[in-house]
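Read top to bottom, the protein sequences are chains V and F.
Take 35 as the starting number for the first sequence in the numbering used here and just add one per residue.
Take 48 as the starting number for the second sequence in the numbering used here and just add one per residue.
Honestly, the hints are just simulated from the structure, not real lab data.
Keep in mind it's a predicted model, so treat the numbers as computed, not measured.
Do not rely on the hints blindly, as some may be mistaken.
Now the in silico label distances, taken between C-beta atoms and shown as ranges [as the list claims (entries may be wrong)]:
| id | chain 1 | residue 1 | chain 2 | residue 2 | range |
| --- | --- | --- | --- | --- | --- |
| 1 | F | Asp269 | V | Gln267 | 34 to 42 Å |
| 2 | V | Glu289 | F | Gly72 | 30 to 38 Å |
| 3 | V | Glu289 | F | Met295 | 31 to 39 Å |
| 4 | V | Ser310 | F | Arg98 | 30 to 38 Å |
| 5 | F | Asp177 | V | Glu105 | 52 to 60 Å |
| 6 | V | Glu91 | F | Glu223 | 21 to 29 Å |
| 7 | V | Glu91 | F | Met295 | 49 to 57 Å |
| 8 | F | Phe292 | V | Ala331 | 24 to 32 Å |
| 9 | V | Lys224 | F | Glu223 | 36 to 44 Å |
| 10 | F | Arg98 | V | Gly150 | 45 to 53 Å |
| 11 | F | Arg296 | V | Lys222 | 37 to 45 Å |
| 12 | V | Met135 | F | Ala178 | 38 to 46 Å |
Per the computed footprint, the stretches of chain F lying under chain V, defined by three or more beta-carbons under 8 Å from a beta-carbon of chain V, are [unchecked claim]:
| id | region |
| --- | --- |
| 13 | 269-280 |
| 14 | 301-308 |
Beta carbons are placed, not taken as given, at the ideal position from N, Cα and C, and that holds for glycine.
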Amino acid sequence: MSATVTAPTGTEVMTYREALRLAMREELARDERVFIMGEEVGLFEGSYKVTAGLLDEFGPDRVRDTPISEEGFVGAGVGAAMLGERPIVEIMTINFLLVAMDQVINHAAKVGAMFGGEVRCPLVIRTPNGAGNQLTAQHSQSFEGWFASTPGLKVVAPANPADAKGLLKAAVRDEDPVLVIENLPLYKQKGEVPLDPEHVTPIGRAQVVREGSDITLVAHSYAVTRSLEVAEQLGEEGISAEVVDLRSLRPLDVETVAASVARTNHALCVEEGWPSYGVTAEIAARIGKACFDDLDAPVERVGMAEVPLPYAKNLELAAMPGAKRIAAAARSVLNR
Amino acid sequence: MAELFGRSDGCAHGRGGSMHLLDVGRGFYGGWGIVAGQLPVATGLALALVRQDRSQAVVCELGDGAVNMGAWHESLNLAALWHLPIVFLIVNNEYGMGTSVARASAEPELWRRASAHRMHGERVDGDDLDAVVEASTRLLQGARREGRPAVLEAVTYRYRGHSVADAGLAYRTREEIKARQEIDPIVRVRRQLREAGIDDSELEAVDSRADERVRAAVEFADASPEPDVARLAAGMYAPGSAEQFERMRPGSPFGEEALTFDAGLGA
Numbered sequence: 035m036s037a038t039v040t041a042p043t044g045t046e047v048m049t050y051r052e053a054l055r056l057a058m059r060e061e062l063a064r065d066e067r068v069f070i071m072g073e074e075v076g077l078f079e080g081s082y083k084v085t086a087g088l089l090d091e092f093g094p095d096r097v098r099d100t101p102i103s104e105e106g107f108v109g110a111g112v113g114a115a116m117l118g119e120r121p122i123v124e125i126m127t128i129n130f131l132l133v134a135m136d137q138v139i140n141h142a143a144k145v146g147a148m149f150g151g152e153v154r155c156p157l158v159i160r161t162p163n164g165a166g167n168q169l170t171a172q173h174s175q176s177f178e179g180w181f182a183s184t185p186g187l188k189v190v191a192p193a194n195p196a197d198a199k200g201l202l203k204a205a206v207r208d209e210d211p212v213l214v215i216e217n218l219p220l221y222k223q224k225g226e227v228p229l230d231p232e233h234v235t236p237i238g239r240a241q242v243v244r245e246g247s248d249i250t251l252v253a254h255s256y257a258v259t260r261s262l263e264v265a266e267q268l269g270e271e272g273i274s275a276e277v278v279d280l281r282s283l284r285p286l287d288v289e290t291v292a293a294s295v296a297r298t299n300h301a302l303c304v305e306e307g308w309p310s311y312g313v314t315a316e317i318a319a320r321i322g323k324a325c326f327d328d329l330d331a332p333v334e335r336v337g338m339a340e341v342p343l344p345y346a347k348n349l350e351l352a353a354m355p356g357a358k359r360i361a362a363a364a365r366s367v368l369n370r
Numbered sequence: 048m049a050e051l052f053g054r055s056d057g058c059a060h061g062r063g064g065s066m067h068l069l070d071v072g073r074g075f076y077g078g079w080g081i082v083a084g085q086l087p088v089a090t091g092l093a094l095a096l097v098r099q100d101r102s103q104a105v106v107c108e109l110g111d112g113a114v115n116m117g118a119w120h121e122s123l124n125l126a127a128l129w130h131l132p133i134v135f136l137i138v139n140n141e142y143g144m145g146t147s148v149a150r151a152s153a154e155p156e157l158w159r160r161a162s163a164h165r166m167h168g169e170r171v172d173g174d175d176l177d178a179v180v181e182a183s184t185r186l187l188q189g190a191r192r193e194g195r196p197a198v199l200e201a202v203t204y205r206y207r208g209h210s211v212a213d214a215g216l217a218y219r220t221r222e223e224i225k226a227r228q229e230i231d232p233i234v235r236v237r238r239q240l241r242e243a244g245i246d247d248s249e250l251e252a253v254d255s256r257a258d259e260r261v262r263a264a265v266e267f268a269d270a271s272p273e274p275d276v277a278r279l280a281a282g283m284y285a286p287g288s289a290e291q292f293e294r295m296r297p298g299s300p301f302g303e304e305a306l307t308f309d310a311g312l313g314a
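Take these sequences, add in the hints, and give me the full structure.
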């Protein structure tokens with residue numbers, strides 16, 4: 035970049051989707067090794083329009099449409115990254131990432147350690163989780179806990195537009211494979227986003243997004259939005275809830291969570307996925323150990339009902355971790 | 048229709064929706080939602096037919112977008128290797144979402160890929176009713192009687208977008224869509240029937256019978272109750288499984304006992 039050009043400063047209100055797009059535009063402009071590939075990312079401008087306009091701006095070599103062949107192009111991302119490229123691979127939804135699971139878990143995650151640090155794999159995979167549009171069992175899942183349980187991967191899950199930009203940029207600049215979990219309902223959420231192209235959100239740092247003194251709600255991705263809504267409701271009942279946005283699942287900022295629970299003495303973990311063996315299971319276990327002396331009640335958790343998500347709207351709503359169930363869980367922790 | 052409405056009388060009791068229709072009584076083992084995921088499953092259905100000595104065959108439908116998945120090649124190889132009674136019917140409507148076949152497939156004549164597995168493949172005009180009937184009948188006979196799997200590529204067209212979020216115009220022209228509508232199979236069959244001396248009143252009667260069937264289906268769906276939330280987990284596990292899960296209750300996540308353990312699990 036020319037020294038005479040002044041970098042933009044301050045913030046601008048934009049959607050989560052636009053923030054992701056801005057992050058990619060800046061990184062494509064900054065580093066020639068960065069390129070995007072995935073289904074419908076170019077001509078179609080992205081299934082969820084995240085990459086809209088980037089093909090026109092950067093051309094088909096840097097914004098590369100792929101056939102429907104996730105295992106193939108995720109694996110191609112691994113290989114390209116091993117040779118020093120900086121691929122950003124878009125997977126339409128996290129459900130389809132399962133087709134490429136072998137490349138993610140058995141290949142990308144292994145490169146660093148298995149070869150003794152001789153070669154790195156700076157690969158970014160972006161994909162949304164989430165449910166709520168009657169897309170049924172095969173299109174409504176949130177598997178980030180599976181990926182976060184795998185050593186060798188990094189997993190981040192931005193919950194607002196500023197972090198969408200900051201964490202995606204951090205992922206692109208990272209030397210390791212990073213899975214960026216986006217979220218379908220969040221794509222349209224608006225917020226202030228830093229314009230400085232050098233601003234990144236550090237990986238491995240959680241954030242207290244609402245201060246409170248009675249109970250800590252720990253969440254990531256869309257569950258943060260739900261938790262903030264519930265915290266407002268609880269406030270009207272005289273319950274002061276703190277909300278911790280994990281932002282990063284692996285590495286995980288247990289310090290920030292534990293410091294919060296040490297203040298509130300109560301913890302409720304919330305996620306969109308199934309809780310069994312999930313993100314909330316991990317958080318609850320760590321709080322149980324790190325905060326044993328601080329806790330006034332057992333750690334509680336709320337997530338998706340443990341069924342493949344059904345199609346009928348009434349069943350879907352009942353299965354999802356709605357505000358009512360989260361609030362009831364918070365009250366039960368506080369014995370109110 | 049009741050399934051599309053998410054009602055309890057739907058073919059999947061409101062659990063599946065448009066993507067997961069099925070009719071076990073008629074031998075229809077499901078709509079699946081992951082591209083090419085149905086191919087190995089269909090191959091397994093064909094394997095079961097052989098093991099059960101049944102004189103049937105499997106028709107496995109897939110789109111043009113599915114042929115670049117690994118599951119496609121793996122399924123074709125298994126079917127050919129084991130001489131399974133299966134016809135892979137590629138419904139090539141020229142676009143996988145917004146990507147044309149030419150932009151997705153290095154070999155755009157999709158039927159040719161069968162030859163990599165020494166399997167018979169052929170292409171048919173998918174908008175020509177007689178041609179489709181002839182080819183599918185012949186290939187299914189070969190599959191049933193001689194254990195000869197095959198690939199049949201039916202070339203057709205999709206007028207609308209891929210989904211409600213796709214207007215279907217970003218990657219093709221209105222003229223292209225219009226030209227294809229003129230050779231629509233229904234239009235063609237209608238013309239053939241007219242040429243064969245069937246008069247318009249009879250054709251209109253066919254139309255109104257179809258309209259009536261749809262109307263009746265909508266009425267039935269509207270009248271069908273919503274599924275019972277207290278049976279949220281119904282069907283998830285085989286009957287009798289509740290006993291296996293009964294010791295999992297202590298320490299359950301909030302609400303989980305009511306939502307699954309008490310909501311039809313294993314029933």
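If you check each hint against the structure, which ones fail? Failing hints, ascending: 2 and 5.
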